[in-house]
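Trainee: Full structure from sequences and hints, please.
Using this note's numbering, you'd call the opening residue of the sequence shown number 1 and step up by one each time.
Be careful, since some hints might not be right.
[To be verified] The list that follows gives simulated cross-link-like pairs (lysine to any residue, SDA-like), each with its CA atoms no further than 20 angstroms apart:
no., residue 1, residue 2
1, K112, V145
2, K44, A396
3, K73, L149
4, K298, T441
5, K127, L149
6, K254, S340
7, K252, L149
8, K134, C94
9, K365, T441
10, K188, I320
11, K270, W230
12, K298, E183
Calculated directly from the structure, the hints in this document are not laboratory data.
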Amino acid sequence: MSNDLMQKIVSLCKRRGFVFPGSDIYGGLANTWDYGPLGVELKKNVADAWWKFFVSSRLDMLGLDAAILMNPKVWQASGHVENFNDAQVDCKECKARHRADHLIEDVLPDEKVEGLSPEELTKIIEKNEIKCPKCGKRDFTKARVFNLLFQTSIGSVEDETSAVYLRGELAQGMFVNFKAIQESMRKKLPFGIAQMGRCFRNEITPGNFIFRTLEFDLMEFEYFIHQNEWENQFEYWLDEMHNWVSFIGLDKEKTRVREHTKDELSHYSKRTVDIEYETPFGWKEMYGLAYRTDFDLKNHMEKSGQNMEYLDPYTNEKFIPHVVEPTFGLSRTVLMILLSAYDEEAVPTSKEGETETRVVMRFAKHLAPFKVAILPLSNKLLDDAKEVWELLSPHATCDFDTTGSIGKRYRRQDEIGTPYCVTYDFDSGEDGMVTIRDRDTMEQERVKITDLVAYLSEKLAS
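Mentor: Right, dumping it as structure tokens:
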């Protein structure tokens, strides 16, 4: 099933309102995607769960929402203007542009390309006669370096504009605000600053649905520590990231930790690991954990002239804090949840001995876009069924589905991952009861309407 799983996921997402191709009525824009009604709910549920798990439930974490546009000196000080680069090649036949390392990895997955120069990447492409994925030709330009930051400008008059960059990561907003947050909130080390938001990278080879796109959502925090604590803190946060993976219902057997080699470490990192997920297109990075040392705060201190030192109130030691950084791709998390949740099973039909395929998105209950669907058995029961929706909607996100037979509606709710369906039938007005159907077991149970809130609250919490 893994061979066509991505195709099934992409089809389901468009058909059921999770994710649509961006600008679709105009032919689209490559590697841009719009999150539909169900995708918005799923994405929001993941983000809310992450914020509660790592931020609001802890005493040592604070939130921030920094501006997307920052003074360009920030990106110069961080090293992104100079070092945030990839090597690209162009197909001479169809003019398609590709990232050289991705081009090689797709054909030679065991080839080590991290840290190689453009010249070395060019030799591998030529030696192995790698084809262009778009046209199949083997005629590429030499690999050359380009910067991943999107550049734009501020100002309405052309000759008076000034260049700025769309942020390529969230981290710098947290670094430049470190001192203001530490002093205003009176925080002692160790503590973290967390943020969620949109980032932009001029990726040459985006693809695989929402895995790699030009704009994407990140969730991350910078955890500020004394240098002597970094190894213990690194292992602690790696464990917490594994706990988060379990919390959102991903299969641990499909995750692994990959250590970065010295050649592929970012310019700011002393140690980095990736938590990878086994996708239909190979093991791919889902999350990252980096020890950024004091690189960022030290550089911002030097370039801005502002003091970024921390005074330890217990030892009176002054030092620039070091940082451990867990990074979580929200867009990638949504994709991995979709891949992990997708299930097909054979179920019996009304004809004896025959079966049909039931598609079920087995989302963790707290992440499902709709927690409950209200299904009136007949249009004559709409008003009474809406009263049930009004009863439940303050407590859980509810759908109200009236189209098609009850069997088709059950299948539709299975396919979008709704944990429970509540059917209001012709007996409900007489006995004050409704039928609740479980997504995973398909078992049904009659429950009093007056007990619905308590019953479903307990079920959804389990």
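Trainee: Each of the hints needs a verdict: does it hold here or not?
Mentor: Hints, verified against the model:
Taking the CA atoms of K112 and V145, the gap is about 18 angstroms. The hint holds against a cut of 20 angstroms. Only pairs whose Cα atoms come within 20 angstroms are accepted, and K44 paired with A396 is accepted, the gap being roughly 14 angstroms. With a C-alpha separation of about 14 angstroms, the suggested pairing of K73 with L149 holds against the 20 angstroms cut-off. Pair hint K298 plus T441 does not hold up; C-alpha atoms about 56 angstroms apart against a cutoff of 20 angstroms.
Restraint check for K127 and L149: not satisfied, since their Cα atoms lie roughly 31 angstroms apart, outside the 20 angstroms limit. Between K254 and S340, the direct Cα distance comes to roughly 9 angstroms. Compliance with the 20 angstroms bound is thereby established for this hinted pair. With a CA separation close to 34 angstroms, the supplied pair K252 and L149 exceeds the 20 angstroms bound. This hinted pair checks out: K134 and C94 have alpha carbons roughly 8 angstroms apart, not beyond 20 angstroms.
A distance of roughly 14 angstroms separates the Cα atoms of K365 and T441; the hinted pair therefore holds under the 20 angstroms criterion. For the suggested pair K188 and I320, the alpha carbons sit about 13 angstroms apart, so the restraint of at most 20 angstroms is met. Using a Cα cut-off of 20 angstroms, the hinted pair K270 and W230 holds, with the two alpha carbons roughly 10 angstroms apart. Proximity of K298 to E183 is assessed by CA-CA distance (about 18 angstroms); at most 20 angstroms being required, the pair is judged to hold.
Of the numbered hints listed earlier, those contradicted by the structure are 4, 5 and 7.
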